[in-house]
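Number of protein chains: 6
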Amino acid sequence: MKLTRRYRFSASHRLHAPALPDADNIRIYGKCNNPFGHGHDYVMEVVVRGPVDGVTGLVVDMRSMDDLVRCEVVDAFDHKNLNTDVPEFGRTVPTSENLAVAAGRRLRNAWKERFGDVPALEKIRIHETRRNIFELLL
Amino acid sequence: MKLTRRYRFSASHRLHAPALPDADNIRIYGKCNNPFGHGHDYVMEVVVRGPVDGVTGLVVDMRSMDDLVRCEVVDAFDHKNLNTDVPEFGRTVPTSENLAVAAGRRLRNAWKERFGDVPALEKIRIHETRRNIFELLL
Amino acid sequence: MKLTRRYRFSASHRLHAPALPDADNIRIYGKCNNPFGHGHDYVMEVVVRGPVDGVTGLVVDMRSMDDLVRCEVVDAFDHKNLNTDVPEFGRTVPTSENLAVAAGRRLRNAWKERFGDVPALEKIRIHETRRNIFELLL
Amino acid sequence: MKLTRRYRFSASHRLHAPALPDADNIRIYGKCNNPFGHGHDYVMEVVVRGPVDGVTGLVVDMRSMDDLVRCEVVDAFDHKNLNTDVPEFGRTVPTSENLAVAAGRRLRNAWKERFGDVPALEKIRIHETRRNIFELLL
Amino acid sequence: MKLTRRYRFSASHRLHAPALPDADNIRIYGKCNNPFGHGHDYVMEVVVRGPVDGVTGLVVDMRSMDDLVRCEVVDAFDHKNLNTDVPEFGRTVPTSENLAVAAGRRLRNAWKERFGDVPALEKIRIHETRRNIFELLL
Amino acid sequence: MKLTRRYRFSASHRLHAPALPDADNIRIYGKCNNPFGHGHDYVMEVVVRGPVDGVTGLVVDMRSMDDLVRCEVVDAFDHKNLNTDVPEFGRTVPTSENLAVAAGRRLRNAWKERFGDVPALEKIRIHETRRNIFELLL
Chain A
2 MKLTRRYRFS
12 ASHRLHAPAL
22 PDADNIRIYG
32 KCNNPFGHGH
42 DYVMEVVVRG
52 PVDGVTGLVV
62 DMRSMDDLVR
72 CEVVDAFDHK
82 NLNTDVPEFG
92 RTVPTSENLA
102 VAAGRRLRNA
112 WKERFGDVPA
122 LEKIRIHETR
132 RNIFELLL
Chain B
2 MKLTRRYRFS
12 ASHRLHAPAL
22 PDADNIRIYG
32 KCNNPFGHGH
42 DYVMEVVVRG
52 PVDGVTGLVV
62 DMRSMDDLVR
72 CEVVDAFDHK
82 NLNTDVPEFG
92 RTVPTSENLA
102 VAAGRRLRNA
112 WKERFGDVPA
122 LEKIRIHETR
132 RNIFELLL
Chain C
2 MKLTRRYRFS
12 ASHRLHAPAL
22 PDADNIRIYG
32 KCNNPFGHGH
42 DYVMEVVVRG
52 PVDGVTGLVV
62 DMRSMDDLVR
72 CEVVDAFDHK
82 NLNTDVPEFG
92 RTVPTSENLA
102 VAAGRRLRNA
112 WKERFGDVPA
122 LEKIRIHETR
132 RNIFELLL
Chain D
2 MKLTRRYRFS
12 ASHRLHAPAL
22 PDADNIRIYG
32 KCNNPFGHGH
42 DYVMEVVVRG
52 PVDGVTGLVV
62 DMRSMDDLVR
72 CEVVDAFDHK
82 NLNTDVPEFG
92 RTVPTSENLA
102 VAAGRRLRNA
112 WKERFGDVPA
122 LEKIRIHETR
132 RNIFELLL
Chain E
2 MKLTRRYRFS
12 ASHRLHAPAL
22 PDADNIRIYG
32 KCNNPFGHGH
42 DYVMEVVVRG
52 PVDGVTGLVV
62 DMRSMDDLVR
72 CEVVDAFDHK
82 NLNTDVPEFG
92 RTVPTSENLA
102 VAAGRRLRNA
112 WKERFGDVPA
122 LEKIRIHETR
132 RNIFELLL
Chain F
2 MKLTRRYRFS
12 ASHRLHAPAL
22 PDADNIRIYG
32 KCNNPFGHGH
42 DYVMEVVVRG
52 PVDGVTGLVV
62 DMRSMDDLVR
72 CEVVDAFDHK
82 NLNTDVPEFG
92 RTVPTSENLA
102 VAAGRRLRNA
112 WKERFGDVPA
122 LEKIRIHETR
132 RNIFELLL
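As given, the protein sequences belong to chains A, B, C, D, E and F, one line each in that order. For the first sequence, our numbering puts the final residue at 139, and the numbers step up evenly by one. For the second sequence, our numbering puts the final residue at 139, and the numbers step up evenly by one. For the third sequence, our numbering puts the final residue at 139, and the numbers step up evenly by one. For the fourth sequence, our numbering puts the final residue at 139, and the numbers step up evenly by one. For the fifth sequence, our numbering puts the final residue at 139, and the numbers step up evenly by one. For the sixth sequence, our numbering puts the final residue at 139, and the numbers step up evenly by one.
No lab work stands behind these hints, which were simulated from the structure alone. Treat each hint with caution, since some may be false.
Identical copies look the same in the list; a pair holds intra-copy or inter-copy alike.
Said to hold, decoys possible - In silico BS3-like cross-links for lysine-lysine, where the CA-CA straight-line distance does not exceed 25 Å: (1) 32 / 3; (2) 113 / 124; (3) 32 / 113; (4) 124 / 3; (5) 124 / 32.
Everything numeric in this text was worked out from a predicted model, so none of it was measured.
From just these sequences and the hints, can you work out the full model?
This is the structure we're talking about:
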């Protein structure tokens, strides 16, 4: 049995690769390279997989899961400027791809410690907008 | 080729594990343990997989599929109280996990009899709310 | 300036008018007359109207509004059986029309006391499902 | 006949009223007062009203309407930091209320010049998130 | 109390004003002037207004309303080519504006006969796509 | 890392298998066999898979991807009558299954030429309506 649970956070970012000249940054990121940044309402889906408990009928204790996901990711990203407020993006461009990598790394470590392997943390998905969805196996 | 088809049903339930003391039931299920129950508008997705027929251009005859899914699952759950109206939940807690197990069992047997292995019934998904989605391979 | 703010609650109900014979109840309410009830995920929209504050740029203090709406309506209806858990439906059929009337009455009184006439509480809308929306001027 | 047409733009902002002490800003705007800002995917609905042209069957030439709305509002707000990139928010807090006021003022002037009174520009709505919708009569 | 109820139909159309030269048709309707037509999944909202019945708790008998709307509009438009299958569009361009006018005329007459003035038929809305919504007072 | 990107197109079609007698066509396709056709607003999701570039933080250059998908598929299907305007459906029934096959074939060839194997084109999904989704591995 797999459970997909959805979380939301709003954040701003600016896409700019410091290793590249300005002209390349403009060509690659277009409007997303605007110097003062812009923002999105992100949706993050966390997928876990495990057996259904015979007594409770549940795959995971959802309150523990919510505590973990909020504490590790949502509170760190929500209503934040990703470039300045989140340490992972000091030198890394905060594209949704890298956002998924950073969120995945934070979740994986905390999940192992709290839940072990059952249920297993399977993947996360970041919906940047309705049109772009990024998925990372964990 | 895979086809995912969506069905909807509205039902009420109360989450209460008779094997556990009341304090545990309240701790585990929270508001869902309310004695008189509450309700949801469920979405069920049924995923089938098979080749495209060379003449009709179809993977499955959708009217037969609808008849089967409605007769086996939707009519049995829609506008019902899961705890009292659905035999599977006499002793089993009607969580969405167990709802998926019950719906999957009903579909698998009927599907085999009606369609055999082509197209194959691959999985079902129960959307409890927009935030929680349960998936079961069949 | 008008602000529409959305709230959600899940509840179960049974539609049955005690003043009518059973045959009429079945004819009028169809599946919704099922004796053990069924449920929905309701959306309630609360519409308020007022001037924009020159200093804060806000029409209403949203935290106060949320406290009031949650306390008066959401907490009273969410994860409840409307027929047995909500006093207004002891003798009144819990249709979405009557749900809007009950929610409106609860909000109107509390709103007057807390906010007076500015901003004004203008109307509420109950989305029973995606297909049916009920609106009441307050 | 009324036509409602939807536009989207993504922007970042920080809610901070310079006339108020920091403690009040934090109390009033909460997480939205975060110093480095955050962002949203806004939806703007523009409502126009007029007779249906007997020959073309249209209320408004949609290409002219799109050009006007994009040029006056969408291009000015999309992928921008509202506080630093939009002149109206030099001293005014970029709440969605003030965003609606600014967008409405920009549209009203340009609309009068381009279309006159037929069709009439009736109102705009700013959807800040799925939960908060702001409406302004023009 | 107002009730908004949603109906759906899929239809194809071609936008071409026979009174205008081809160049104007292309300029005005763009891709919608394609000679062999294209299609949409329309949503039609019907808004009625009336008192809540003291016994049933309902504004309108929904089954009668559905029968009327389906019979008068949905069955006539659904899975049809509006230009060739619907008499109103023999000489009138099937824009969504004219679709709303045609649907409104059909509903108004039938509603008066079946329901009289209580509940009153207030307006209809045609959602052509997510971006364009047409509203007509009846 | 997988990226799913959404595209939309509106088209009309008629489902009719020339190899079958009329009675069978009516039985199999129902209203979709209507002689003058009808239409839908299709959503096509294109899924690609590849590593995240260490400098740009991107899986694929989205502008190149959009150019390719628009040029190969969207422009060929959008605002078109699939039966008469798209060569693949001269003799093949334009069901969504066959639409996915045709779109997949167009994309696969062009993708190989433009991007090679990194990122890889993994699958496409055609959403015919909200209820039916077709998925094809490429």
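### Query
If you check each hint against the structure, which ones fail?
Violated hints: 3 and 5; rest satisfied.
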